[in-house]
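**Q** Residue numbers (the working numbering), protein chains in the order written: chain A, 1 to 391; chain R, 1 to 391.
Hints in this document: simulated from the structure, not taken from any laboratory.
Just so you know, these numbers come straight off a predicted model, no measurement behind them.
Any given hint could be a false lead.
Pairs count within a copy or across copies, as identical chains cannot be separated in the list.
[Said to hold, decoys possible] Calculated lysine to aspartate or glutamate pairs in the EDC-like style (CA-CA distance at most 20 Å, straight line):
#  : residue 1 : residue 2
1  : Lys319    : Glu222
2  : Lys200    : Glu224
3  : Lys95     : Glu75
4  : Lys44     : Glu267
5  : Lys313    : Glu228
6  : Lys36     : Glu2
7  : Lys319    : Glu224
8  : Lys4      : Glu30
9  : Lys118    : Glu142
10 : Lys95     : Asp74
11 : Lys242    : Asp289
12 : Lys206    : Glu30
13 : Lys149    : Asp28
14 : Lys118    : Asp77
15 : Lys206    : Asp220
16 : Lys343    : Glu18
Protein chains: 2
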Amino acid sequence: MEFKVHHSGRAHYYTPEEIDVVVKAMNDAEPLTQSKYRNQFEQKFSEFLGVKHSFAVHTATDALELTAQLLQFDEGDEIIIPSFTFTASAYPFVKQGAKIVWADTDPKTHVITAETIKACITSNTKAILVVHIAGYVANMPEIMDLAKKHHLIVVEDNAQGIGTEINGQKSGSFGDFGIFSFHSHKNISTLGEGGMLVVKDDDIAKIIPMLRHNGHCAFDFEQEHYWEPAMGNVDIPELNGKPIMPNNYCLGEVECALGVKLLDRVESLNTEKRTRAIRFIDALADFEDIEFHRVNSTRHNYHLLLAYFPTGKRNEFFKRIVYQKQIQCIAPYYPLNRYDFYKKVGMGKANCPNTDLFWDNMISFPFHHWMSEPDFDYMLAATREVLDDLR
Amino acid sequence: MEFKVHHSGRAHYYTPEEIDVVVKAMNDAEPLTQSKYRNQFEQKFSEFLGVKHSFAVHTATDALELTAQLLQFDEGDEIIIPSFTFTASAYPFVKQGAKIVWADTDPKTHVITAETIKACITSNTKAILVVHIAGYVANMPEIMDLAKKHHLIVVEDNAQGIGTEINGQKSGSFGDFGIFSFHSHKNISTLGEGGMLVVKDDDIAKIIPMLRHNGHCAFDFEQEHYWEPAMGNVDIPELNGKPIMPNNYCLGEVECALGVKLLDRVESLNTEKRTRAIRFIDALADFEDIEFHRVNSTRHNYHLLLAYFPTGKRNEFFKRIVYQKQIQCIAPYYPLNRYDFYKKVGMGKANCPNTDLFWDNMISFPFHHWMSEPDFDYMLAATREVLDDLR
Numbered sequence: 001m002e003f004k005v006h007h008s009g010r011a012h013y014y015t016p017e018e019i020d021v022v023v024k025a026m027n028d029a030e031p032l033t034q035s036k037y038r039n040q041f042e043q044k045f046s047e048f049l050g051v052k053h054s055f056a057v058h059t060a061t062d063a064l065e066l067t068a069q070l071l072q073f074d075e076g077d078e079i080i081i082p083s084f085t086f087t088a089s090a091y092p093f094v095k096q097g098a099k100i101v102w103a104d105t106d107p108k109t110h111v112i113t114a115e116t117i118k119a120c121i122t123s124n125t126k127a128i129l130v131v132h133i134a135g136y137v138a139n140m141p142e143i144m145d146l147a148k149k150h151h152l153i154v155v156e157d158n159a160q161g162i163g164t165e166i167n168g169q170k171s172g173s174f175g176d177f178g179i180f181s182f183h184s185h186k187n188i189s190t191l192g193e194g195g196m197l198v199v200k201d202d203d204i205a206k207i208i209p210m211l212r213h214n215g216h217c218a219f220d221f222e223q224e225h226y227w228e229p230a231m232g233n234v235d236i237p238e239l240n241g242k243p244i245m246p247n248n249y250c251l252g253e254v255e256c257a258l259g260v261k262l263l264d265r266v267e268s269l270n271t272e273k274r275t276r277a278i279r280f281i282d283a284l285a286d287f288e289d290i291e292f293h294r295v296n297s298t299r300h301n302y303h304l305l306l307a308y309f310p311t312g313k314r315n316e317f318f319k320r321i322v323y324q325k326q327i328q329c330i331a332p333y334y335p336l337n338r339y340d341f342y343k344k345v346g347m348g349k350a351n352c353p354n355t356d357l358f359w360d361n362m363i364s365f366p367f368h369h370w371m372s373e374p375d376f377d378y379m380l381a382a383t384r385e386v387l388d389d390l391r
Numbered sequence: 001m002e003f004k005v006h007h008s009g010r011a012h013y014y015t016p017e018e019i020d021v022v023v024k025a026m027n028d029a030e031p032l033t034q035s036k037y038r039n040q041f042e043q044k045f046s047e048f049l050g051v052k053h054s055f056a057v058h059t060a061t062d063a064l065e066l067t068a069q070l071l072q073f074d075e076g077d078e079i080i081i082p083s084f085t086f087t088a089s090a091y092p093f094v095k096q097g098a099k100i101v102w103a104d105t106d107p108k109t110h111v112i113t114a115e116t117i118k119a120c121i122t123s124n125t126k127a128i129l130v131v132h133i134a135g136y137v138a139n140m141p142e143i144m145d146l147a148k149k150h151h152l153i154v155v156e157d158n159a160q161g162i163g164t165e166i167n168g169q170k171s172g173s174f175g176d177f178g179i180f181s182f183h184s185h186k187n188i189s190t191l192g193e194g195g196m197l198v199v200k201d202d203d204i205a206k207i208i209p210m211l212r213h214n215g216h217c218a219f220d221f222e223q224e225h226y227w228e229p230a231m232g233n234v235d236i237p238e239l240n241g242k243p244i245m246p247n248n249y250c251l252g253e254v255e256c257a258l259g260v261k262l263l264d265r266v267e268s269l270n271t272e273k274r275t276r277a278i279r280f281i282d283a284l285a286d287f288e289d290i291e292f293h294r295v296n297s298t299r300h301n302y303h304l305l306l307a308y309f310p311t312g313k314r315n316e317f318f319k320r321i322v323y324q325k326q327i328q329c330i331a332p333y334y335p336l337n338r339y340d341f342y343k344k345v346g347m348g349k350a351n352c353p354n355t356d357l358f359w360d361n362m363i364s365f366p367f368h369h370w371m372s373e374p375d376f377d378y379m380l381a382a383t384r385e386v387l388d389d390l391r
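Whenever a hint applies, use it, and build me the whole structure from the sequences.
**A** Following this line, the structure appears as structure tokens:
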């Protein structure tokens, strides 16, 4: 069907300066992958986040696949993951043999908390994956304390929350692993695909270049001539005495050059989205049938604008906003345990009543950064009208 | 060290029209991944090759990882692979549990042949991976006949041979699987990374979109409203009754748009490289110490310009051409069985005397498409001088 306001899969457009950066890199990058722009992007990203080790990869899924490999799960090991997230947060861990225990979310913030995590910890728990869903940072200081107490590894899936912070510390810099996405949907995108893996441990940082790039490494001896016995070695890195298989997860130079430039725009993009979200939320504050998670601070970047219908009117609202007003609201994700994928791998059961209640009464409004003011105004007025009708 | 002519990791530059295509896609792609440009690229690629099913992926390695999954190896199954190739031709099959049997190459053409393959076939052989190394097409008609007789699956690793042909049929269209690379080194490159997987089987073609994109699929029932029960399903596809795990191997829209445009330039890029290669080869025909594989037809695209030193003077030539003439010749790859990776997985032994002899006496000249005429002339004159000295 035709929409007056559609739910765009593209978050933002590029400025002329950003396009210039791409054209320049197309003209001067040599080679076109794994070179100076990758190094610049990683360096600047580490500075942006206040961390030591950042690795550009082709997707956030790649970063999660690498993390899942590096966690080296043994039979029976468990990882705690919210059921309310995108499937790529979880399936790499299934592929590496982990058992997923689904954590419930907080009914107000929709992220997992130290409390909901605690309820999932068993003697088999190895790790926790925290998702800053919709761009709101979970309470990382509390979660890190809990993890420390139980000797658990923390993965921060910050695919949606770039640039947000708690107590002045950037999201994605708390955990042992931090995951970032520059996919088309995200607040900044490196030509549609792109990701970053941030790690704390120096030994892990040492082997990621090999794991990312086909196992390439130098020989363990000094070569007299660079071509003898060959240009370089290919090997299988080890962690804790166990081998880890290499992959090819390289992000091209042009994307990396663009990433360097886009980092300068994270703060303004986030601020513009948050300002608009607050305007929308406040303009609907008089309706009891709809609720938002309102956070007017850098703790939220409003990657997504999610609404909850506490009085059970979600389905009726959905039909009217879509069919009468031609606004393409969506219901993003699905509690992961409900997908056939997770049922088939024995992870179809979850004890997540808050997530289930929220998800079944939730809606996601179109909220791309480039939505025009007239479209935004129309969406707001149409929403008011439908809510008025539903009263 | 500083080189007068270096071995570039970038094969070609972009025309103003190609840059325009990128800028246009940056401005009009929505979303920035998995949309119209991907469809155009796949459609045009299928027409270019004369095949039914082409799937754009982020790297040729991704295409090989997918192929390795789709081959569904059982314990003990073997795949025949030349030891003279890039490691990504082989390691995805190791990851999927296959045993690699290294095939020897023909001493003149440096690709594997029906004869060298035949020597490797056992009752456990499941598949053959043919590599059109340096851009020269192996004798696919003969290899396909052999494979048919022994009921073997054929994977054509055509990462280097795009646009070449035998009897008017394009390389990469013979096998059950065809692999293409648009990496920075290759004759055409989609911003440094990119690949294509071509498959013959319709059932396999059906599940590749899911395997490439996180297991996303439609529900197996008609949805009354697009958001109920969720926007879509996530599942595990099956082949021959066995599940195959999904991945995220998506190539962005901007790269795909560029790929569409670059396909128009394959023929001229190949012709220009071949013409130059023949010029170089013929200008050195009077030296007995150096040999080339001379093929002045569309069967060779001279992705690489490899030379062989039949009289044992390779090492001396290498030192002089590098240190006296400042030309960055290299020795690409390494017979794979010699790398620590393959030794560690029990594949360190090979019976490939032709490959070993060739590799130990071989050199690769700088041969990027954009090498200037003065640089090319200098390289040719310097090579003549060194060969004169070595006489």
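**Q** Which holds for Lys206 with Asp220 at a C-alpha limit of 20 Å: within a copy, between copies, both or neither?
**A** within (14 Å within a copy, 45 Å between copies)
**Q** Is it within, between, both, or neither for Lys200 and Glu224, if the alpha carbons may be no more than 20 Å apart?
**A** neither (35 Å within a copy, 47 Å between copies)
**Q** I want to check one pair: Lys319 and Glu222. Are their C-alpha atoms no more than 20 Å apart within a copy, between two copies, both, or neither?
**A** between (69 Å within a copy, 17 Å between copies)
**Q** How do Lys319 and Glu224 come out at 20 Å by Cα distance, when the copy is not named: within, between, both, or neither?
**A** Result: close only across copies, 11 Å inter versus 72 Å intra.
**Q** Given identical chains, is Lys44 near Glu267, meaning Cα to Cα at most 20 Å, within a copy, between copies, both, or neither?
**A** The answer is within: 15 Å in one copy meets 20 Å, while 40 Å across copies does not.
**Q** Which holds for Lys149 with Asp28 at a C-alpha limit of 20 Å: within a copy, between copies, both or neither?
**A** Close neither inside one copy (50 Å) nor across copies (50 Å); limit 20 Å.
**Q** Is it within, between, both, or neither for Lys343 and Glu18, if the alpha carbons may be no more than 20 Å apart?
**A** neither (44 Å within a copy, 46 Å between copies)
**Q** Are the CA atoms of Lys242 and Asp289 at most 20 Å apart within a copy, between copies, both, or neither?
**A** Classified as neither; 55 Å inside a copy, 47 Å across copies.
**Q** Between the shortest in-copy and the shortest cross-copy C-alpha distance, which are at most 20 Å for Lys118 and Asp77: within, between, both, or neither?
**A** within (16 Å within a copy, 45 Å between copies)
**Q** Reference check for the pair Lys313 and Glu228, CA-CA at most 20 Å: within, between, both, or neither?
**A** For Lys313 and Glu228, the Cα distance is within 20 Å only across copies (15 Å; inside one copy 72 Å).
**Q** Classify it for me, Lys95 with Asp74: is the Cα-Cα distance of at most 20 Å met within a copy, between copies, both or neither?
**A** both (12 Å within a copy, 18 Å between copies)
**Q** Evaluate Lys4 and Glu30 at a C-alpha cut-off of 20 Å and name the case that applies: within, between, both or neither.
**A** between (44 Å within a copy, 16 Å between copies)
Consistency with the previously given hints fails for numbers 2, 11, 12, 13, 16, ordered from lowest to highest.
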